[in-house]
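2 protein chains.
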Amino acid sequence: MKFKVKAYVMNSSEQTILLADEDSLAIGVKENDRVSVTGYRSAIAVVTHAKDIVPRGTVIMTKDLADRIGVGNDGEVDIKYAHAPDSVRFIRKKMDGERLEKEQIEAIVNDILDNRLSKIEVSAWLTALYINGMDIDEIADFTMAMANTGDIVKFSRSPVFDFHSLGGVPGNKITPIVVSIVAAAGFMIPKTSSRAISSACGTSDFVETFCDVELESSKLKAISEDVGGVFSWGGSMNLAPVDDLVIDIEHPLGINPRAQMLASIMSKKVAMGSTHLLVDIPMGRDTKVPTLESAKAYARDLMDLGDRIGMHVECAITYADQPIGTAVGPILEAKECISILEGDKHPASVIEKAVECAGIILEMGGIPNGAVRAKEILDSGEAYKKFMEIVVAQNGRPDLKSSDLVPGEFTQDIIASSSGYVHSIRNKNVVLIAKTAGSPSDKGAGLKIFKKKGQRVEQGDVLMTIYAESEAKLKRAVEMAISNNPFDIEGMLLKRVAGIKSI
Amino acid sequence: MKFKVKAYVMNSSEQTILLADEDSLAIGVKENDRVSVTGYRSAIAVVTHAKDIVPRGTVIMTKDLADRIGVGNDGEVDIKYAHAPDSVRFIRKKMDGERLEKEQIEAIVNDILDNRLSKIEVSAWLTALYINGMDIDEIADFTMAMANTGDIVKFSRSPVFDFHSLGGVPGNKITPIVVSIVAAAGFMIPKTSSRAISSACGTSDFVETFCDVELESSKLKAISEDVGGVFSWGGSMNLAPVDDLVIDIEHPLGINPRAQMLASIMSKKVAMGSTHLLVDIPMGRDTKVPTLESAKAYARDLMDLGDRIGMHVECAITYADQPIGTAVGPILEAKECISILEGDKHPASVIEKAVECAGIILEMGGIPNGAVRAKEILDSGEAYKKFMEIVVAQNGRPDLKSSDLVPGEFTQDIIASSSGYVHSIRNKNVVLIAKTAGSPSDKGAGLKIFKKKGQRVEQGDVLMTIYAESEAKLKRAVEMAISNNPFDIEGMLLKRVAGIKSI
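Here the protein sequences come in this chain order: C and W.
Mapping to the numbering used here: the first sequence position 37 is 37, numbers consecutive.
Mapping to the numbering used here: the second sequence position 329 is 329, numbers consecutive.
FYI, nobody ran anything at the bench for these hints, they're computed from the structure.
Values in this document were obtained by computation on a predicted structure and should not be read as measured data.
Glycine included, each C-beta is placed from N, C-alpha and C at the ideal position.
One or more of the hints may lead you astray.
Here are some chain W residues pointing at chain C (derived, C-beta under 10 Å) [to be verified]: (1) Asp33; (2) Trp125; (3) Ile255.
Cut-off 30 Å, straight-line C-alpha distance, at most; resulting in silico cross-link-like pairs (DSS-like, lysine-lysine) [said to hold, decoys possible]: (4) C/Lys451 / W/Lys385; (5) W/Lys93 / C/Lys288; (6) W/Lys93 / C/Lys80.
Kindly generate the complete structure, drawing on both the sequences and the hints.
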């Protein structure tokens with residue numbers, strides 16, 4: 001059936017067109033059905049009925065879709081019912097608890113990438129994956145299918161080391177330290193990182209306060225091969241691009257099916273040509289991995305999956321029951337990270353974690369007592385020298401100093417209202433406060449923590465300082481800190497019990 | 001954060017707003033996240049990023065949403081991140097295979113009704129329901145929760161009989177006959193029907209060719225109480241309105257989770273105040289219920305569910321391996337239905353099914369040998385008299401005759417190319433042809449079948465006649481009939497086998 005076009009400006013992963021109810025009936029399509037829309041070219045869209053709003057014979061579509069099929073406003077298109085792609089059958093197969101073949105997994109992945117599956121269908125896919133799961137061979141096929149949706153980087157050097165943290169713990173600024181140590185030892189580690197998704201500050205969020213992180217593939221390759229390491233933003237590369245589309249659907253559901261999580265991580269490593277990978281699994285309350293048992297299960301899965309796809313994978317289960325170090329927020333984390341490379345011995349939790357992780361990677365490269373060697377490289381200033389080489393290669397200032405980085409000018413100390421010991425620090429509330437202060441989009445926003453778990457606090461001591469770039473955001477962050485206090489301080493005085501035990 | 005409004009005209013079950021990427025980041029929301037949008041009033045919407053299209057500080061929303069919150073174009077609204085409602089947790093609980101409590105089911109149902117759950121979430125819900133299911137007590141809670149989303153009709157007469165067909169078989173025009181017989185026997189049967197969803201012609205689609213089907217609740221009540229029966233369109237009542245929203249999501253997935261199917265049917269019966277219900281379960285290839293085993297399982301479920309919610313439910317498993325009667329399409333089905341009430345003895349399959357179903361209902365009402373009595377009521381003309389009373393009460397012509405109804409003027413006979421016996425008739429292809437001819441929106445479109453299963457066909461015999469209201473649609477329907485031939489004709493000559501059996 002022929003229609004006159006009205007294009008409106010909208011950009012969405014799902015192409016929706018609006019039709020009069022009578023026209024939908026005439027074509028034989030219902031709400032959320034798929035149609036082919038043909039102008040100069042054809043594309044697939046999903047129908048929404050527009051009660052009494054769209055005149056008969058008219059279709060309203062996005063500008064994006066109109067451009068894609070090569071028609072302008074008042075142009076003419078032909079609209080027809082389009083069968084669901086085969087991948088919908090494969091999704092149903094997974095809903096029915098069956099195993100999927102390699103080609104079926106590829107069909108689903110490619111149809112998500114090409115917008116041939118609607119939000120409704122992708123949601124059903126993720127839900128089925130969450131409930132019915134995949135075996136490790138299916139996950140290997142899934143990983144390779146996702147990797148093949150984007151570019152595959154090929155380096156002239158081998159091995160290619162990589163490092164990944166499952167995340168979920170605030171203040172985890174160890175990546176530039178690990179990369180600098182490993183590269184200083186002579187290995188290549190082309191590290192790509194992410195920006196914050198639900199966290200307060202991702203690695204790329206703080207690295208971009210002192211150098212470029214959006215590196216083109218050719219530049220990333222050149223720096224990695226010449227200098228040995230990069231701190232790049234993965235989003236500037238075209239790595240397993242289907243993953244972003246899936247995350248957009250996973251996120252509102254609050255699920256991360258095991259198969260999807262594993263394939264998501266590993267597909268990007270495959271795309272980066274990684275041969276040796278260390279995965280940091282932060283374990284603790286409010287992280288993705290709350291118990292040692294679940295951490296071990298993830299480690300097993302990652303190593304099994306590595307075996308299947310020919311990648312050497314090791315895992316480090318790390319302690320994540322409180323923030324790593326003392327700073328949270330882009331500039332504050334950058335300062336803390338760089339000051340350690342400059343020689344600062346504090347905070348020990350950051351140094352220890354970075355050295356342990358770098359040490360495991362060195363051992364994967366054949367260096368015995370990796371952690372000892374990593375500490376030497378850090379203490380000797382070799383890591384700092386390598387760090388500055390990378391910074392300069394990524395257009396950072398050659399005279400970069402941690403002291404040059406200045407956080408937000410609006411600050412407020414949060415004071416202990418009673419004395420005692422810090423029993424715990426809730427990561428979740430730390431993240432909430434930092435985000436309310438403006439992190440990560442306001443680079444100077446965040447917080448510094450002065451008392452960590454187990455430390456003695458006297459009434460009136462400063463527990464943390466909140467930083468913001470505006471008075472209003474500071475005020476809101478302080479309110480958030482009061483309503484969502486991250487510090488659990490107990491007197492630690494044990495109750496005296498009379499000398500008679502009940503039976 | 002404050003925004004200037006640009007409203008665009010669009011109507012959708014899901015309210016989407018468009019924001020600049022930087023503004024989304026500043027509010028701390030991602031694609032598909034939920035926000036509260038506050039103008040004069042507040043409403044919940046889902047965020048879509050609009051890359052480079054929406055200027056910072058501007059929000060694009062539908063006219064519908066703008067009206068709902070009481071702002072016009074260039075008005076100002078405040079937008080904030082909104083937490084997912086509790087129902088999202090309950091959906092996850094079902095994803096984790098757990099049982100849901102009554103209040104949790106109610107929360108999900110009410111949040112779907114009020115558009116507080118996005119398409120993504122409703123899809124996850126239906127997928128979880130499909131995979132993990134519900135026990136019969138959960139389904140009873142689900143049924144009542146769905147019924148309570150709309151009006152509950154209260155009649156002054158009791159009992160309230162009802163009749164429902166699971167559908168899936170074309171040409172099933174028995175409803176007006178069953179209702180007329182039951183009402184003629186002195187019982188009240190306020191029957192609501194649907195229009196076609198995926199079928200070629202729903203009961204309301206053909207009934208509206210000879211009388212009104214869109215009856216207001218008060219009129220439906222009055223006619224039912226006075227005359228004893230109605231043939232009303234359920235959609236004109238506000239019965240379990242949440243069901244339509246769910247169907248829009250189920251449909252593209254091609255699933256109908258057992259719990260949803262049962263609650264969907266029964267919630268509408270609860271809303272209609274039904275005390276006694278007969279469910280017709282058409283069993284056969286291409287129906288919802290392909291095997292006797294699955295038909296029995298449905299029957300058991302429906303009766304168990306009836307027990308839980310205090311409704312007397314009986315089921316009739318009927319034969320549905322070919323169309324019922326000979327006519328498919330609104331006017332053609334109306335003619336066949338009315339001619340039987342007028343006294344026509346043909347086609348026997350329609351008469352038998354209508355009499356059997358009416359007979360079971362009469363027995364539920366205490367009349368022994370219900371089918372015999374039902375046949376008497378039909379043969380004596382009492383059913384016809386009652387039928388005309390109902391038609392006139394629904395504004396039909398008092399001199400209505402089946403011969404007055406004229407199908408589409410463009411017709412084409414389909415001829416047998418070889419002789420043999422009709423081995424089977426594929427319902428699916430019959431539906432495809434009728435829909436291609438224009439049914440149900442073109443009232444005169446459809447087809448008449450002259451040879452049914454088991455009948456002898458000679459080469460050159462007319463197998464069916466296709467009717468359409470335009471030359472073009474007729475042509476397409478004929479092409480469809482050729483490429484999707486519903487008739488499977490076999491010579492039925494058994495192969496002669498030599499007198500030696502293999503061991």
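To see whether the hints hold, each was checked on the structure:
| no. | hint | in the structure |
| --- | --- | --- |
| 1 | Asp33 | holds (6 Å) |
| 2 | Trp125 | holds (8 Å) |
| 3 | Ile255 | holds (7 Å) |
| 4 | C/Lys451 / W/Lys385 | violated (89 Å) |
| 5 | W/Lys93 / C/Lys288 | holds (18 Å) |
| 6 | W/Lys93 / C/Lys80 | violated (39 Å) |
Comparing the model with each earlier hint shows violations of hints 4 and 6; every other hint is respected.
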